[in-house]
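Number of protein chains: 2
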Amino acid sequence: MENKKRTEIAELGEFGLIDLLTQNATSNNSSTLKGVGDDAAVIAADRYNAMVVTTDSLFEGIDFDLTYFPLKHLGYKAVTVGVSDVLAMNATPEQITISLGVSSKIPVEALQDFYEGIEFACKELGIDLVGGDTSASMTGLVINITTIGRAKRKAITYRSGAQFNDLICITGNLGAAYMGLHLLEREKRVLHDVEQPEPQFKGYEYLLQRYLKPRARKDIIDLLAEEKIVPTSMIDLSDGLGSEVLQICKASKCGARIYLDRIPIAKQTSALAEEMHIDPVVAALNGGSDYELMFTVPLAMQEQVMRLGVVDIVGHITRESTGAYLVTPDGSDIKIRAQGFKE
Amino acid sequence: MENKKRTEIAELGEFGLIDLLTQNATSNNSSTLKGVGDDAAVIAADRYNAMVVTTDSLFEGIDFDLTYFPLKHLGYKAVTVGVSDVLAMNATPEQITISLGVSSKIPVEALQDFYEGIEFACKELGIDLVGGDTSASMTGLVINITTIGRAKRKAITYRSGAQFNDLICITGNLGAAYMGLHLLEREKRVLHDVEQPEPQFKGYEYLLQRYLKPRARKDIIDLLAEEKIVPTSMIDLSDGLGSEVLQICKASKCGARIYLDRIPIAKQTSALAEEMHIDPVVAALNGGSDYELMFTVPLAMQEQVMRLGVVDIVGHITRESTGAYLVTPDGSDIKIRAQGFKE
Numbered sequence: 012m013e014n015k016k017r018t019e020i021a022e023l024g025e026f027g028l029i030d031l032l033t034q035n036a037t038s039n040n041s042s043t044l045k046g047v048g049d050d051a052a053v054i055a056a057d058r059y060n061a062m063v064v065t066t067d068s069l070f071e072g073i074d075f076d077l078t079y080f081p082l083k084h085l086g087y088k089a090v091t092v093g094v095s096d097v098l099a100m101n102a103t104p105e106q107i108t109i110s111l112g113v114s115s116k117i118p119v120e121a122l123q124d125f126y127e128g129i130e131f132a133c134k135e136l137g138i139d140l141v142g143g144d145t146s147a148s149m150t151g152l153v154i155n156i157t158t159i160g161r162a163k164r165k166a167i168t169y170r171s172g173a174q175f176n177d178l179i180c181i182t183g184n185l186g187a188a189y190m191g192l193h194l195l196e197r198e199k200r201v202l203h204d205v206e207q208p209e210p211q212f213k214g215y216e217y218l219l220q221r222y223l224k225p226r227a228r229k230d231i232i233d234l235l236a237e238e239k240i241v242p243t244s245m246i247d248l249s250d251g252l253g254s255e256v257l258q259i260c261k262a263s264k265c266g267a268r269i270y271l272d273r274i275p276i277a278k279q280t281s282a283l284a285e286e287m288h289i290d291p292v293v294a295a296l297n298g299g300s301d302y303e304l305m306f307t308v309p310l311a312m313q314e315q316v317m318r319l320g321v322v323d324i325v326g327h328i329t330r331e332s333t334g335a336y337l338v339t340p341d342g343s344d345i346k347i348r349a350q351g352f353k354e
Numbered sequence: 012m013e014n015k016k017r018t019e020i021a022e023l024g025e026f027g028l029i030d031l032l033t034q035n036a037t038s039n040n041s042s043t044l045k046g047v048g049d050d051a052a053v054i055a056a057d058r059y060n061a062m063v064v065t066t067d068s069l070f071e072g073i074d075f076d077l078t079y080f081p082l083k084h085l086g087y088k089a090v091t092v093g094v095s096d097v098l099a100m101n102a103t104p105e106q107i108t109i110s111l112g113v114s115s116k117i118p119v120e121a122l123q124d125f126y127e128g129i130e131f132a133c134k135e136l137g138i139d140l141v142g143g144d145t146s147a148s149m150t151g152l153v154i155n156i157t158t159i160g161r162a163k164r165k166a167i168t169y170r171s172g173a174q175f176n177d178l179i180c181i182t183g184n185l186g187a188a189y190m191g192l193h194l195l196e197r198e199k200r201v202l203h204d205v206e207q208p209e210p211q212f213k214g215y216e217y218l219l220q221r222y223l224k225p226r227a228r229k230d231i232i233d234l235l236a237e238e239k240i241v242p243t244s245m246i247d248l249s250d251g252l253g254s255e256v257l258q259i260c261k262a263s264k265c266g267a268r269i270y271l272d273r274i275p276i277a278k279q280t281s282a283l284a285e286e287m288h289i290d291p292v293v294a295a296l297n298g299g300s301d302y303e304l305m306f307t308v309p310l311a312m313q314e315q316v317m318r319l320g321v322v323d324i325v326g327h328i329t330r331e332s333t334g335a336y337l338v339t340p341d342g343s344d345i346k347i348r349a350q351g352f353k354e
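In order, the protein sequences belong to chains A and B. The first sequence begins at 12 in the numbering used here and counts up one residue at a time. The second sequence begins at 12 in the numbering used here and counts up one residue at a time.
Honestly, the hints are just simulated from the structure, not real lab data. Wrong hints could be hidden among the right ones.
[What the hints assert, rightly or not] From the derived model, a few chain B residues whose C-beta atoms are all more than 10 angstroms from chain A:
(1) Lys45
(2) Gly142
(3) Met149
(4) Gly183
[To be verified] Listed below are the simulated DSSO-like cross-link pairs for lysine-lysine, each with C-alpha atoms no more than 27 angstroms apart in a straight line:
(5) Lys199/B <-> Lys16/A
(6) Lys278/B <-> Lys261/B
(7) Lys116/A <-> Lys229/B
(8) Lys165/B <-> Lys213/B
(9) Lys163/A <-> Lys16/B
By construction, the Cβ of each residue, glycine as well, lies at the ideal position given by its N, Cα and C atoms.
Could you build all of it, start to finish, from the sequences and the hints given here?
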């Protein structure tokens, strides 16, 4: 390799890397309605319906720490991670496959706990575990989740449909999972040499739950269908609000303005952020792992969307030439920047 | 964990483990036609057609060694691994997603080689790369492949359809990939402290190709369709003939007799096996990674199947009570045993 050009992944960032690697991906089959570049691929089922397929991986030591992550919760969360991408296409999740890489040292009972969590989530969401395998892994636990959903073709919501003046809506609140992770990491640090550790989580149980057992927002998809609202664009908030706004802007060729004081943040999130000297808005913007949904609707639907009672309007879509900005309460603008390759 | 029961994975074996973990998998959706337990899951597309979905993982250090595995070949092989399971359902592969876990130390150029191999295979097979992601991995390269195929519902071939007296057919020849791997490992061992190693592969190029760049047998599926042959059961030979025969017997509730002298083995396979003091039949039986197909047809189709010109009949299906046996040339019977959890 000595004489070859050597580019570090960090130079491109995760999104630049995927763009580069998949630039030659061709379309050989008429059944491929949408390939690389959205939360999920879209494949024709019949003339009116489509299936969406998405795949996600979780790596021990990067995406989770088994020191404090109960395996049952991890199984539940793996389903949420997979399902969330299907929901972001405005599709109904129906099947899931789980592929594991495990060290031979992990006992069967631990894997049973993990599968119990999967089954619990599947039951809650009405989906079926239809496949998967377990292979040996040299090192930590590796989880791969493939999720399959179904929707009417005309209901499928891409990242690319946001229009000038559309409202940017967010479900739930942001930053709680991020603060939950920080709390767990703090207690792990503090108690690492204590023989019978008793971590202090009192008052922050909600944050732990948001990080360890996040719930997929299938209720939102069902509600949108009931109210006959088809968003113009949608994405799930797995990487943090800032990064996801940029994805919508890139795919829809538009700009955006997000008002910082409108971002919904839970009380426990603010309280712990203050205690730990973290800006709660930073937690909400960069934290990720909330698995809430962000979507856009035409301005005319403002009242209809507000009546749902489960959504906050945090900003609106602007022209592409304007760029993507955060607006602070004092009225100044901060440009939203992409995050790099996470390690 | 001290007081909890602790069962080692090795006690159950890979197949026992999957059975245990997925025993509670329920079916909540009428679109789930077949869940866990075959080469792929089967999901209704419309009244007459179905999609099949399968997921596979490849781990560095377990499934491949980057010391001698060119990344372009690895990309090609990853597609073969995924597609092979779809073919084993008698379905046409149409889409694939690739999910990678990579160390940040791997240069972008190496990943581009990997994707070149993927694109080459996709073009050859007429399939589309429709998704995937790249995450950081703490250690080696982890590859996850999800493959989606399509078939008429009535053409889908399960492991469970083999009937008493059916013929057991095999495509191609077996054991070549296994010997290719042994050759690569031998040269690595011999040359590990040589500065400018020149490995000796002369006369064994075919074996290397079978291990490093195995071709998915899409030609067989196309040929079966042309000849209007729907096998009674089918499976791909990724784990070795012995193990796959047991899978067919378990799913179809039958026994089998495989005649050792009818197993097709290539000349290079026998030659290298002899040189390395390995029984070529052992290579064929336990080797795996050949990605050939094994299928069963009714006895009455013997002539029709032979006319295909690409298949060997290696045995026949017996009653469940008889069990699964290898028959040696001198007429003695050897019981086929399951392999354990691979490490």
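In rising order, the numbers of the hints this structure does not comply with: Going through the list in order, the structure violates hints 1, 2, 3, 6, 7, 8 and 9 and respects the others.
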